[in-house]
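Asks: Fit chain B to the known structure of chain A by using the hints.
Quick mapping for you: the protein sequence lines, in order, are chains A and B.
Quick note on numbering: the first sequence equals residues 1 to 375 in our numbering.
Quick note on numbering: the second sequence equals residues 376 to 729 in our numbering.
None of these hints come from the bench; they were simulated from the model.
Be careful, since some hints might not be right.
What the hints assert, rightly or not - Interface residues of chain A toward chain B, partial, derived using beta-carbon atoms under 10 angstroms: (1) M1; (2) A14; (3) A18; (4) R50; (5) F279.
For glycine and all other residues, C-beta sits at the position ideal for the given N, C-alpha and C.
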Amino acid sequence: MKYVDEFRDGRKAAGLIARIEHLVARIGRAAGRPIAIMEVCGGHTHSIFRYGIEGMLPAGIELIHGPGCPVCVLPMGRIDDCVAIAEQPQVIFTTFGDAMRVPGSRKNLLQARADGADIRMVYSPMDALALARKHPDRDVVFFGLGFETTMPSTAFTILQAESEGVANFSVFCNHITIVPTIKAILDSPDVQLDGFLGPGHVSMVIGTSPYEFIARHYGKPLVVAGFEPLDILQSIWMVLKQISDSRAEVENQYARVVTTGGNSAALRAITRVYEIRPFFEWRGLGSVDHSGIRIRDCYARFDAERRYAVPGVSIADPSACQCGEVLIGAIKPYQCKLFGTACTPERPLGALMVASEGACAAHYQYGGAGKVSAA
Amino acid sequence: MTSMHRDRRSWGRVEGTTVTLAHGAGGRAMRDLIEGVFLAAFGSPSRQILEDQARADLSEFTAGGDRLAFTTDSFVVDPLFFPGGDIGRLAVCGTINDLAVGGATPLYLSCAFILEEGLDLDVLRRVAASMAVAAVESGVRIVTGDTKVVNRGACDKLFITTSGVGVIPRGVDLGIAKAQPGDVVLVNGFLGDHGAAILEARGEMALQSPIVSDCAPLHDLCRQIIGAAPGVRCLRDATRGGAATVLNEIAEASLVGIQVEERRIPVLEEVRGFCEILGLDPMYLANEGKLIVVASPEAAEPVLATMRAHPLGTRAAEIGRITEQEPGRVIIQSVMGGRRILDMMVGDQLPRIC
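Same shape as in the complex, but just chain A (with noise of 0.2 angstroms):
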């Protein structure tokens, strides 16, 4: 397939991975320890246990798996929030389907389809609208998540619905910024990070400038990375590079997509129907200052935290949850005590065991510790 199998050519691969190999040996281990080097992104996460990556690693080299998945690190009382707005009897809730499992305080969003709310899937929030012209005796509420990356198509989404007038739309709005979370991470004592892959489709909104301070105040290399195998084992290059070199840069692989300033269009929209929250809470590391993303006063009657009373709880995550860990890269998947017991993606207890791009679901898809035991 054109523009795809090109990005996953076995020989160029090995090619890359013996001048990983090259680069880890002239490294060396100086820190006694392995290089390692976190992927922002959930999506980064699964081409690498979709393509075997970390195994065709060489030993000096360390994948630490971080907290970009949007539909991971919802908090539980966020979901109650959707199932209470779901349950109203006028309300038709549309949500991307990763969400539908991720566990509440009570129940998920596919139980309480199951008990008679009116939950459907849909694949972009303009299909939510669609619906809300289709039903105008309906309240449609869009369950708004993601990063930058789905924050541009939520806030068209709502200027659109202003400009046709109708009143039947509103966006639960659960949309994260990730560049907060990437400074709280660096600024954990316990980190022991050596350098970044940054996410692509998030640059591709809004480039490559806001991750400055990584290479400036922390002196990290970063690597803006594509998501195809060849893409990702290209970037770790990159880093080991700069590692190498003693350089600590923000680097653009994914040129093709992102450019420096990003997409402007996408963030004049962001920036006219959004805010910045004081705070947001995130599965698996707590409350994050500046993380999370508001509708602005002036869209307020899209805004489906204004329109319904939603019981706004903060649940604490299950206290054996070793999810804040993992993301931080203190410990592997397979060391949490409720890996593949207790936690499976059937019945997900952590937040990274829920959607295909956490790194603890995909581990047990793809990794295979503790695999057998739960079966």
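Replies: Structure of chain B alone, referenced to chain A:
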């Protein structure tokens, strides 16, 4: 049902254009529906249809083999009609294939319909006609059935349950616990067509690519595979859960490992594109005309040649091998050379968002 008085009125003229509760009430309307729709499509082999059960001569079974195969399956597909098939064709082929992969020659089918009040009678006629065509293709007769009508909303338009009986020829002994290290794993063509066709036909994707279901009766292909060489261990149709699920079942039942090479897996270009966009894996998509074959290394070549010579196996391929390592697990070698576990599917395959 009381005795028939065929001379007093002409049976089988169905009144109206939609199914009503009367069509399932056991009276004249039901009788008209059975004669006017089902018997008109399936034909009535004899006056037997008036009895509460189909009757078959045992000699027909004993002449064909030494074991009876018996299976049942329900069909609730939405939409009822999709590119490459419909619920009726699916209901016949599905049960035929469940018999065929056990090595059985399918002989008779039963069909039970649950109809939603208000269903368009023409829809029912089209489904029955499609079942009749599929039954002829499969060399079976639909000999008994049942009809129930439920209130509007109590089912979604039309559900069908088919049961089938067949006979397994003497000496044929296939099973999922029979795979041995060194055996090869074959498939008769492109994987994932049916699942992708149904998802696309639901119209939720707004994609324009023409994906056609592979829905087909596999009895003749199975017969030829079994006859191609001794050493065919197991056949399995890869329906719900896809090829990945069947491979896991074989690995677990036979206590062997299975190694699959991703680059050898035949997937139609359109289906690959569909899966790339939606984040699906064709190995987990349903098929309705595809089977996994495990055969001894000696049998691999003649079986593959036989499959490729059959119209339902032209794109047959060897996709992997049975191994001693990691019993109970299916390992896939990615196009890149990396390895990962190909596990059973968890829940539904929900599309990824980013």
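Asks: Next step is simple, just say for each hint if it's right about the structure.
Replies: Quick rundown of the hints versus the structure:
1. Annotation: interface hint on M1/A holds; nearest CB of chain B at approximately 6 angstroms, less than 10 angstroms.
2. With a least beta-carbon distance of about 7 angstroms to chain B, the hint placing A14/A at the interface is held under the 10 angstroms criterion.
3. For A18/A, the interface hint is violated, since its Cβ never comes within 10 angstroms of a Cβ in chain B; the closest pair sits about 13 angstroms apart.
4. Interface restraint check: R50/A against chain B, minimum CB-CB distance 7 angstroms, threshold 10 angstroms, status holds.
5. Interface hint status for F279/A: violated, as the beta-carbon distance to the closest one in chain B is roughly 23 angstroms, over 10 angstroms.
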